[in-house]
Amino acid sequence: MSHVTSIRFDDELKNDIQFLAERYNCKPHKIMVENMKRAVKEEVEKIRFIEEAEQEYLKMKSLENYGLTMDEVRSQLGLKND
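Numbering (my numbering), first residue to last: 4 to 85.
There may be inaccurate statements among the hints.
Stated by the list, open to error - Here are the simulated DMTMM-like pairs of lysine to aspartate or glutamate, each with C-alpha atoms no more than 25 Å apart in a straight line:
hint, residue 1, residue 2
1, K40, E25
2, K40, D14
3, K33, E48
4, K44, D19
5, K62, E75
6, K17, E37
7, K33, D13
8, K64, E54
9, K62, E48
10, K30, D19
11, K64, D74
12, K40, D19
13, K33, D19
14, K30, E45
15, K40, E54
16, K30, D13
17, K17, E45
18, K64, E48
19, K40, E15
20, K44, E59
21, K44, D13
22, K30, D14
23, K30, E15
24, K33, D14
25, K33, E45
26, K40, D13
27, K44, E54
28, K49, E59
29, K44, E15
For the record, the hints were derived by calculation from the structure and aren't laboratory data.
Work the whole structure out from these sequences, hints included.
Below is the structure:
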């Protein structure tokens, strides 16, 4: 696994960050860090949601083979079929 040691921005992004820093009266570093935190958090949440959905799908798929009809349920419970 590689680690991030530095990030290079193109001129347009640098200008946009500077614009936001001036607009919100804060340092460019704060703009970069806060937006990167938000973007990373959103991406991680999206990946986790997809993984959980896949697990749920696989669980439901495996249960399909164990489906019972209402007549079978009634029979197993000792109820009369009408």
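Verification of the supplied hints:
At most 25 Å may separate the alpha-carbon atoms for a hinted pair to count; K40 and E25 meet this at roughly 20 Å. Taken as a hint, the K40 and D14 pair is honoured in the structure, with Cα atoms around 21 Å apart against an allowance of 25 Å. The straight-line distance between the Cα atoms of K33 and E48 is roughly 22 Å, inside the 25 Å bound, and the hint therefore holds. With a CA separation close to 21 Å, the supplied pair K44 and D19 stays within the 25 Å bound.
Pair hint K62 plus E75 holds up; C-alpha atoms about 22 Å apart against a cutoff of 25 Å. At roughly 15 Å between alpha-carbon atoms, K17 and E37 fall within 25 Å of each other, so this suggested pair holds. Between the alpha carbons of K33 and D13 the distance comes to roughly 18 Å, so the proposed pair stays at or under 25 Å and holds. With a C-alpha separation of about 15 Å, the suggested pairing of K64 with E54 holds against the 25 Å cut-off.
The straight-line distance between the Cα atoms of K62 and E48 is roughly 21 Å, inside the 25 Å bound, and the hint therefore holds. Among the hinted pairs, K30 with D19 is consistent with the structure: their alpha-carbon atoms are about 13 Å apart, no more than 25 Å. Under the criterion of a C-alpha separation no larger than 25 Å, the hint pairing K64 with D74 is consistent with the structure, at around 22 Å. Proximity of K40 to D19 is assessed by CA-CA distance (about 17 Å); at most 25 Å being required, the pair is judged to hold.
For the given pair, K33 sits about 13 Å from D19 by alpha-carbon distance, which is consistent with the 25 Å threshold. Of the pairs offered as hints, the one joining K30 and E45 holds, with about 23 Å between alpha carbons and a cut-off of 25 Å not exceeded. Distance hint between K40 and E54 is fulfilled; the C-alpha atoms sit about 21 Å from each other, no more than 25 Å. A hinted pair counts as satisfied when its Cα atoms are at most 25 Å apart, and K30 with D13 qualifies at roughly 18 Å.
Simply put, K17 and E45 have alpha-carbon atoms about 22 Å apart, close enough for the 25 Å limit, and the pair holds. This hinted pair checks out: K64 and E48 have alpha carbons roughly 24 Å apart, not beyond 25 Å. For the given pair, K40 sits about 20 Å from E15 by alpha-carbon distance, which is consistent with the 25 Å threshold. As the CA atoms of K44 and E59 are separated by approximately 22 Å, the hinted pair is consistent with the 25 Å bound.
Annotation: proposed proximity of K44 to D13 holds, straight-line Cα distance about 23 Å (limit 25 Å). In summary, the hint linking K30 to D14 is supported, as the alpha carbons are separated by about 17 Å, within the 25 Å threshold. With a CA separation close to 17 Å, the supplied pair K30 and E15 stays within the 25 Å bound. About 18 Å separates the Cα atoms of K33 and D14, which keeps this hinted pair within 25 Å; it holds.
For the given pair, K33 sits about 18 Å from E45 by alpha-carbon distance, which is consistent with the 25 Å threshold. Distance hint between K40 and D13 is fulfilled; the C-alpha atoms sit about 19 Å from each other, no more than 25 Å. Between K44 and E54 the CA atoms are separated by roughly 15 Å; this keeps the pair inside 25 Å, and the hint holds. Between K49 and E59 the alpha-carbon distance is near 15 Å, which keeps this suggested pair within the 25 Å criterion.
Simply put, K44 and E15 have alpha-carbon atoms about 24 Å apart, close enough for the 25 Å limit, and the pair holds.
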